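**Q** As given, the protein sequences belong to chains L and A, one line each in that order.
With the first letter of the first sequence counted as 1, position 288 gets the number 288 in this note's numbering; the numbers rise by one all the way through.
With the first letter of the second sequence counted as 1, position 30 gets the number 354 in this note's numbering; the numbers rise by one all the way through.
In case anyone wonders, no lab produced these hints; they're calculated from the structure.
Quick caveat: nothing in here was measured; it's all calculated off a predicted structure.
The beta-carbon is built from N, C-alpha and C at its ideal position, and this holds for glycine as well.
Hints are all accurate, no fakes.
Coverage of chain A stretches by chain L, computed from C-beta distances (three or more under 8 Å per stretch; other residues unrestricted):
#1 387–396
#2 407–414
#3 419–430
If you want the building blocks of each chain, they are given just below.
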Amino acid sequence: MIEILSATALATVQDFGRFGSLGYGVGTSGAMDHLALALGNLLLGNPEDAAAIEIPLFPFEVRLLQDCAFAVTGAACDATLDGQPLPPNWVCQGREGQVLNLGYPTSGSRAYLCLAGGVDVPAVLGSRSTQLRGEFGGLDGRALQQGDRLGALRPGISPLPLDFGVLAPSLALALHVDGVPAMRVLPAAEYERFQQASRAAFWAGEWKITTQSNRYGYRMEGEPLLPVAPMEIRSHGIVPGVIQVPHGGQPIIQMRDAQPSGGYPKFGSVIEADLWRLGQAPIGSKVRFIECSYDQAVEALESNRRYLREVGRLVDLHREGVKA
Amino acid sequence: MTLSEIRQLAQWLKEHHLAGAEFSRPGVQLTLRRGGEPVSVAAPAAVAVDGPVLRTTGLGRLLLTHPELREPFVAVGDQLCAGQLVAVLQVGELLLPQRSPTAARVIDIRVPCGTTVGYGEAFLGLEHQA
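Next up, chain A with everything else stripped away, as it sits in the complex (with noise of 0.2 Å):
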């Protein structure tokens, strides 16, 4: 099942009025109900994009601090190495990395720690080197 396929199912149960829906088959089980408490997901960040950005891969909590340390995973100006980790999503118990795929230097962070994300928020502005 793809986001997008849920997404379709989503806009199905809004056209056709209906309160909600359960899907399941070997390996997924899905629920949708409409008129519940929205999720507080942040906004796309308003500023215009100009050079690359860092976007998050899943959804839950972004904390830019491990929970269990002090010092933040990156700061603005920091200069990253392909792989470096740069924030984690907390989903329930667990804390899934999100890394950086290439070198580069850290330029903005748009999301503050904490934030609820869905998929594919920017959260960090790159710059590439020369």
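Only chain L is shown next, with the shape it has when bound in the complex (with noise of 0.2 Å):
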């Protein structure tokens, strides 16, 4: 059992999302950077898609109420433990009575606090995450609050061996162009729609993130994106990733909080492999586009499972080790 200390708003338990519900026009939500929440629960020895505290904002402070092991991945943020320093992307036996606080990232921008086992908190149509639009899942579907507390599904002392980290994936998994963070990008339905200039200003140029940018989507700040003739569509469904571009073209990246459908044209969609990329990418900041194609897509998938089966083989290994 933890309780929140902090009075910073927006943080919200999350596991890997709600599936197969799009129909009934509920999102996915889901962590905004998956491979760091799987990697805290492997970490932990919890089941990969174990659910999480996902914390966009800082400072963000918890007091443990019980001995509970806890691994703090995603954005490198100045973490103590009683005053100690925490390494980013680490695991370790909390104690009952320590405070863990969270202070501003240095890289990366959502931190992830998985407990042993994942936090306790009920399944709804599925998913452990926090479905704030609809206002249930999570912890009585909203953002956590001060005071607030929250149950991990094996507290105690660990019987695995805990206190070492894992090199982040935006070290293990870089991916940069002329040294700004990419995103691979599949060309969508409406993509020959647009002027040839504006399809090659977006691979091209700079993208920013502006401060209209939440796990709902990202407002995208750049040359605009021009439609060879306007387009009238009807909305269709849509999904996380999807990139969208309304009057104006300043094109809209559907993050997991995104509604089901929608009717702007859609000029890509950012590839799931590297969703969490943008998930970590802070307001302000800039990225650029790769085009890829879909085997691309498929083998980005592949490469991040691989990193998580390394790590995993590590942690293995390095467990018999220290029990031996």
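Could you fit the two chains together into a complex? Lean on the hints.
**A** Rendered as structure tokens:
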């Protein structure tokens, strides 16, 4: 059991997401950085998709009300446990009464606090993720507040050796263009209906993540994407990653809390394997886009799987070594 | 399987001019090969060891600054408390902590950040409190 001490808003309980309910108008929600969530759970010996707390604003502070192993992954924030520095992407045994403080990140933008066994909130429609729009899932369907208490499914002293870390996915799976963090994009249905110059500018230019960006979507700023002719399209299904272009030509990238339908033309889609990179890109920072094919998008997902498998293999080896 | 057993195996391979050996039992798989590219391991510190030192707990790349942070874990002159993290050993994707077992003051740092080190390498000179 932990208690939220900080008053910063918008921390939510998230797992991989709520799949299979888009047809009922229920978006997927889920962690903005799937890799950080999977990594934290892997360090704790949890199921990969166990729920954790996603923290987008700092400082964030919790008190442990009982012994509980935990991991902090995602953004490299200035973390301390009872005043002692806690490195990024690290797992350790927490003790009753200890206070965990997460300060402003030096890289990345969202941290994940994973608890042994996962955060214990009821699953709704097959997921523990907070569905903010529908006000269900997570803790009472809302963001966490000061004084909230959350339990872990496997509290106590962990039988597994803890106190170690892993190299961040942003270093192990780095992807940059001209020194700027990059994401791979698949051209979407209306791509060909944008002007040639706009299409070229999209791949060649830098895109700024504006302050109008959150779990629902990121509004990007750059050279406007102009259609060959105005388009009027009926609303249709969309998923996280889809890049819509409203009038004015400044694109919106749908993120994990995206609504399940929309009517703006679709320029492209940030591939599933790279959505975590966008989830960690801070507001105000710039990103680049790399055109990719369907096969490359599938291979990128496999590359993420390989990274997690390799970390899992090393963690197992380390644990056997410590026990021996 | 212990380090001294592995050293003994390596010694036997050398004595009998064997190219290599593979050894496995449940939970352990060891491959030894002679004549490979030597792994560069920092030479043991040449300075005389006056006071207590911290030694690496394993084999890996010794990092004095976390790859995602700007500030090094410790600097010369720092007062350490028992259990304080002073470095990490990078083994593949893993980062293993190197901690000071006791309260002490850092008097010198003997291995540059990023050096590949072996087991038991002295990397931090310490001075215990009176």
